[in-house]
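Chains as they are written, first to last, in the working numbering: chain A, 25 to 137; chain B, 563 to 675.
No lab work stands behind these hints: they were computed from the structure. Check the hints yourself; a few may be wrong.
[To be verified] Under the rule of at most 20 Å between Cα atoms (straight-line distance), these lysine to aspartate or glutamate pairs were calculated in the DMTMM-like manner:
id: 1; chain 1: A; residue 1: Lys26; chain 2: B; residue 2: Glu621
id: 2; chain 1: B; residue 1: Lys606; chain 2: A; residue 2: Glu29
id: 3; chain 1: A; residue 1: Lys124; chain 2: B; residue 2: Glu621
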Amino acid sequence: RKEVEQDPGPFNVPEGATVAFNCTYSNSASQSFFWYRQDCRKEPKLLMSVYSSGNEDGRFTAQLNRASQYISLLIRDSKLSDSATYLCVVNADYGGATNKLIFGTGTLLAVQP
Amino acid sequence: NAGVTQTPKFRILKIGQSMTLQCTQDMNHNYMYWYRQDPGMGLKLIYYSVGAGITDKGEVPNGYNVSRSTTEDFPLRLELAAPSQTSVYFCASSGTTGPGHAFFGPGTRLTVL
Chain A
25 RKEVEQDPGP
35 FNVPEGATVA
45 FNCTYSNSAS
55 QSFFWYRQDC
65 RKEPKLLMSV
75 YSSGNEDGRF
85 TAQLNRASQY
95 ISLLIRDSKL
105 SDSATYLCVV
115 NADYGGATNK
125 LIFGTGTLLA
135 VQP
Chain B
563 NAGVTQTPKF
573 RILKIGQSMT
583 LQCTQDMNHN
593 YMYWYRQDPG
603 MGLKLIYYSV
613 GAGITDKGEV
623 PNGYNVSRST
633 TEDFPLRLEL
643 AAPSQTSVYF
653 CASSGTTGPG
663 HAFFGPGTRL
673 TVL
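Produce the entire structure from the sequences given, and follow the hints as far as they go.
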């Protein structure tokens, strides 16, 4: 089983649609969680952190369910500029001097005009 | 601030050749990382550093070496290049907020023929 699993997509949605991505992780010791965005042939960029209480940043809402080891990202009122790959990232403490980031393979979103 | 810069952007190597991928950050971050990203795969950690003079192996260190003589620079050395090292290499850095809040460089696309 992969440590971080995502549906690769692609998710093809019209402008203005609401779309949700899910992610599951296998290590129950995981401590912190993030969503990154990666445009085609570009570097990943941090989109938002994910907190147990859930958090919202404009049209983006992230949720964490520790009991189910499940993370989600909801995008409302999709824009063409939201087209990208969304990476689920989990930070687990393996007892070393630094924590280890595990990246999912990403979910591709294509917003259509 | 330039953030994280990487050189070169592209490189083609022949099997058995060696090269150094350069990475520099100007954010005074202690943590620096090298990742590789293969098509359809998540980013994999090659090496990381928690400060000048301190480096450690990540998930996929074989065939690579690093050094960290200054806070700013974290070069990655490929010895005896192999086709399996064809990939996109990303350097990243993070500060006191931890590895999850990482800033990535634009990447180096390496092909080994």
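Task: 20 Å Cα cutoff - pair A:Lys26, B:Glu621 - done: 14 Å, holds
Open item on the list: Given the hinted pair A:Lys124 and B:Glu621, is their Cα-Cα distance within 20 Å?
Closed with: Holds: A:Lys124 and B:Glu621 sit about 9 Å apart, inside 20 Å.
Task: Holds or violated: B:Lys606 to A:Glu29, with C-alpha atoms at most 20 Å apart - done: 14 Å, holds
No hint from the list above goes unmet by this structure.
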